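2 protein chains.
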Amino acid sequence: MDTVRIKDLPKHVGQQVLVNGWIYNKRTSGKLQFPIIRDGSGYLQCVVSKKEVSPESWDASDRATQESTVRVIGKVVEEARAQGGVEMHVETFELPSLSEPFPISPKEHGTDFLMNHRHLWLRSSKQHAVLRVRNEIEKGCRDFFYDRDFVLIDSPILTANAAEGTSTLFETDYFGEKAYLSQSGQLYLEPAAAAFGKVYCFGPTFRAEKSKTRRHLMEFWMIEPEVAFLEFEGLQELAEEFVEYLVRRALDRCKEELKTLERDVTKLENVKRPFPRITYRDAIELLTGKGMDVKFGDDFGGDEETVIANSFDRPVMISRYPTVIKAFYMQPDPKDPDVVLGLDMIAPEGYGEIIGGSQRIHDHDLLLQRIKEHKLPVEAFQWYLDVRKYGTFPHSGFGMGIERMVAWVSGVPHLRETIPYPRMLNRIYP
Amino acid sequence: MDTVRIKDLPKHVGQQVLVNGWIYNKRTSGKLQFPIIRDGSGYLQCVVSKKEVSPESWDASDRATQESTVRVIGKVVEEARAQGGVEMHVETFELPSLSEPFPISPKEHGTDFLMNHRHLWLRSSKQHAVLRVRNEIEKGCRDFFYDRDFVLIDSPILTANAAEGTSTLFETDYFGEKAYLSQSGQLYLEPAAAAFGKVYCFGPTFRAEKSKTRRHLMEFWMIEPEVAFLEFEGLQELAEEFVEYLVRRALDRCKEELKTLERDVTKLENVKRPFPRITYRDAIELLTGKGMDVKFGDDFGGDEETVIANSFDRPVMISRYPTVIKAFYMQPDPKDPDVVLGLDMIAPEGYGEIIGGSQRIHDHDLLLQRIKEHKLPVEAFQWYLDVRKYGTFPHSGFGMGIERMVAWVSGVPHLRETIPYPRMLNRIYP
Numbered sequence: 010m011d012t013v014r015i016k017d018l019p020k021h022v023g024q025q026v027l028v029n030g031w032i033y034n035k036r037t038s039g040k041l042q043f044p045i046i047r048d049g050s051g052y053l054q055c056v057v058s059k060k061e062v063s064p065e066s067w068d069a070s071d072r073a074t075q076e077s078t079v080r081v082i083g084k085v086v087e088e089a090r091a092q093g094g095v096e097m098h099v100e101t102f103e104l105p106s107l108s109e110p111f112p113i114s115p116k117e118h119g120t121d122f123l124m125n126h127r128h129l130w131l132r133s134s135k136q137h138a139v140l141r142v143r144n145e146i147e148k149g150c151r152d153f154f155y156d157r158d159f160v161l162i163d164s165p166i167l168t169a170n171a172a173e174g175t176s177t178l179f180e181t182d183y184f185g186e187k188a189y190l191s192q193s194g195q196l197y198l199e200p201a202a203a204a205f206g207k208v209y210c211f212g213p214t215f216r217a218e219k220s221k222t223r224r225h226l227m228e229f230w231m232i233e234p235e236v237a238f239l240e241f242e243g244l245q246e247l248a249e250e251f252v253e254y255l256v257r258r259a260l261d262r263c264k265e266e267l268k269t270l271e272r273d274v275t276k277l278e279n280v281k282r283p284f285p286r287i288t289y290r291d292a293i294e295l296l297t298g299k300g301m302d303v304k305f306g307d308d309f310g311g312d313e314e315t316v317i318a319n320s321f322d323r324p325v326m327i328s329r330y331p332t333v334i335k336a337f338y339m340q341p342d343p344k345d346p347d348v349v350l351g352l353d354m355i356a357p358e359g360y361g362e363i364i365g366g367s368q369r370i371h372d373h374d375l376l377l378q379r380i381k382e383h384k385l386p387v388e389a390f391q392w393y394l395d396v397r398k399y400g401t402f403p404h405s406g407f408g409m410g411i412e413r414m415v416a417w418v419s420g421v422p423h424l425r426e427t428i429p430y431p432r433m434l435n436r437i438y439p
Numbered sequence: 010m011d012t013v014r015i016k017d018l019p020k021h022v023g024q025q026v027l028v029n030g031w032i033y034n035k036r037t038s039g040k041l042q043f044p045i046i047r048d049g050s051g052y053l054q055c056v057v058s059k060k061e062v063s064p065e066s067w068d069a070s071d072r073a074t075q076e077s078t079v080r081v082i083g084k085v086v087e088e089a090r091a092q093g094g095v096e097m098h099v100e101t102f103e104l105p106s107l108s109e110p111f112p113i114s115p116k117e118h119g120t121d122f123l124m125n126h127r128h129l130w131l132r133s134s135k136q137h138a139v140l141r142v143r144n145e146i147e148k149g150c151r152d153f154f155y156d157r158d159f160v161l162i163d164s165p166i167l168t169a170n171a172a173e174g175t176s177t178l179f180e181t182d183y184f185g186e187k188a189y190l191s192q193s194g195q196l197y198l199e200p201a202a203a204a205f206g207k208v209y210c211f212g213p214t215f216r217a218e219k220s221k222t223r224r225h226l227m228e229f230w231m232i233e234p235e236v237a238f239l240e241f242e243g244l245q246e247l248a249e250e251f252v253e254y255l256v257r258r259a260l261d262r263c264k265e266e267l268k269t270l271e272r273d274v275t276k277l278e279n280v281k282r283p284f285p286r287i288t289y290r291d292a293i294e295l296l297t298g299k300g301m302d303v304k305f306g307d308d309f310g311g312d313e314e315t316v317i318a319n320s321f322d323r324p325v326m327i328s329r330y331p332t333v334i335k336a337f338y339m340q341p342d343p344k345d346p347d348v349v350l351g352l353d354m355i356a357p358e359g360y361g362e363i364i365g366g367s368q369r370i371h372d373h374d375l376l377l378q379r380i381k382e383h384k385l386p387v388e389a390f391q392w393y394l395d396v397r398k399y400g401t402f403p404h405s406g407f408g409m410g411i412e413r414m415v416a417w418v419s420g421v422p423h424l425r426e427t428i429p430y431p432r433m434l435n436r437i438y439p
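Top line first, the protein sequences correspond to chains A and B. Residue numbering for the first sequence follows our numbering, starting at 10 and increasing by one per position. Residue numbering for the second sequence follows our numbering, starting at 10 and increasing by one per position.
Just chain A, with the same shape it has in the complex (with noise of 0.2 Å):
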């Protein structure tokens, strides 16, 4: 007899199947029981009347509790009111492992409780939705680069050089040399643009930041692409191109995911290119405008962006901000030189920064220049300067952060949820 996963029942209508699992939930009604059953593709409910199986069956599923591991064998019936359409109708009711009274129950969990049993915590519906989002989201990502011919290039966690100052780096000896945990793949990427014209990496970053808000975690995925030749127009064309494609294949393939997570969305259908741009001049006329105390040349943070974002319908895209607020390798405006041809974009409802990206400076001279003013140490530089002397050639990439990317498409407001096992502010387990 076969095994099938629930999520592939529907074909099965009529047959008999094996089914593994664990019990989710059960109801009993007098001689009737209807365990639903899980087996990490979908939810199954099962009948069980005790006058059509054996007295052992009948007493496996009457001992079976939350999370016990079942295997059950029945004749799979259309029920248009279950999940999935289709329901089990039990004639072997089997209990290879009964479970410990499971800690987690639907009643309300203090987060630290939930956090500490993270491990179990991940076959609650809600958190396998959210990860199943994922999934689709990183699957989304690595097809969207594929099939534009970009190269894979898995940049290096253990760097040497903490070139941008070690306070929010993680440091560990390497035979005797102090080594850091990765930021960011960029650096590694723009010598790999050369030879592969169009590249992507997408790994974990780090981030040893003493900051215990919803939007940060100390470990996190990040995902960037850098093109050579590709200049700043084109580069907010890709972010959005991108950007739209994820949200519609969570839209088309996450349906019953963003359902269990009563996600509205009307809010994703939305989400159409083009989105709006606007200059961060413009984003502090809109802001002040509103009466918020902003200049030329503060940075935005979280009040800021959820301003700009509420006065638009979908992800709103920032460019051109102060130089002297954005890292030195941006590329200056022509027309504008205070101002860097960088861009932020910012999800809407409150979801924060998705995506920051750049036009490179290409020039080395500038390069240099800028590398001294940041008080950067030069020969440090020296392999990313070589970029500008063998060949120098324009190009931008940006980087998405896929927690937040993941945050805004499932509606969960804590990034902790988005990731496996999240690595916050004295939270390393488990």
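Calculated from the structure, these hints are not laboratory results. Owing to the predicted nature of the structure, the values given are computational and were not obtained by experimental measurement.
Intra- or inter-copy, both count: the list cannot distinguish identical chains.
Restricting the straight-line Cα-Cα distance to at most 20 Å, the calculated cross-link-like pairs of lysine to any residue (SDA-like) are:
no., residue 1, residue 2
1, K264, G420
2, K381, T332
3, K187, T175
4, K148, D158
5, K135, D158
6, K148, Y254
7, K299, D312
8, K148, R258
9, K398, L123
10, K20, E88
11, K59, T74
12, K187, T177
13, K398, Q75
14, K398, N34
15, K264, D158
16, K187, R216
17, K219, S176
18, K187, S176
19, K398, F122
20, K16, I45
21, K398, R72
22, K219, Y183
23, K84, H21
24, K16, F238
25, K276, E358
26, K268, E358
27, K398, I113
28, K398, S133
Keeping the supplied structure of chain A fixed, place chain B upon it in accordance with the hints.
Just chain B now, kept in the frame of chain A:
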């Protein structure tokens, strides 16, 4: 006018197009110049005729040195002898950036020199080809598991417990606690298998091993599937299906790259299921039959692996290793209590172990006993033991080191060429 990538030029025969790229090579013959341009997607032979272009274009083409950035406009013409089947008859040749003398030329360079210039070496045709094979294999991994309904579970890099000793771990300070860089996501995948049924992780892993062989890197990427209700027989089937798929995919989609690498593809064409399967006891017999001095309980090194591999024409799976030389979590063989249901897959042609996996112990008390026998700290494994308390289930998984797979498929003997920026003993730059 359209900017076209070189690989797409065959679709533009007869059209005037613009190509951005770098000089790969150049040949001059009187009033004709034949620069070869690369743009990361392919190589394009150009024909520049003195009498057909402006003096500026002729001069630019004349001055263009290896790796100089060029911008060429011309007509795409069929040319059977050229790579890709087309060449360009140039109308305008621009030289946006003249390269300084490029340090890497077709002549031989020492390994240290090349590794110090890894950021430039990436542009060489062989390195380019290897990393394109890597790109294809990594995407193959993602597609293989996504298409089979596995959920991606990004396991954490920063881990709290040095569960199996700290000798080969990179250590860092985590806000006053000690943390270690992950060597495997397996322990984190097993609880996730209870939540999703089929899961995998694919990320960087770390070994602080003072080892200088061609088969070791300090930082390498590993893909690890873990499947609920999968027993040892099914694990072996999954492993061989996966390897067959990846090899087939590289053969289908990396034809040019494998040609550049002069890979003997007939050896790869042969990689079809079923793979030979032998037990560890069979392997001992095979080795002693060939005069090697090994006995039950010995671990196999590179020499033994090569002798075994050379006895077969495709990857071979060795199973049922002695309990004493394998990890604490491996399920004992019910028919042979001195061995465990673990397997290693050895690639042909001396490329060594590419996969290691096992069925995991799912009995709580047996696992606890093993943890104690191995003198591991029980408290650090409570969460891992929990998987056996709350509805335990048989499950299996394996890990594949991507660099070894890429080395084998590409036919490059040293792992350092299979990852963009290798991390080796005394090598963390660039």
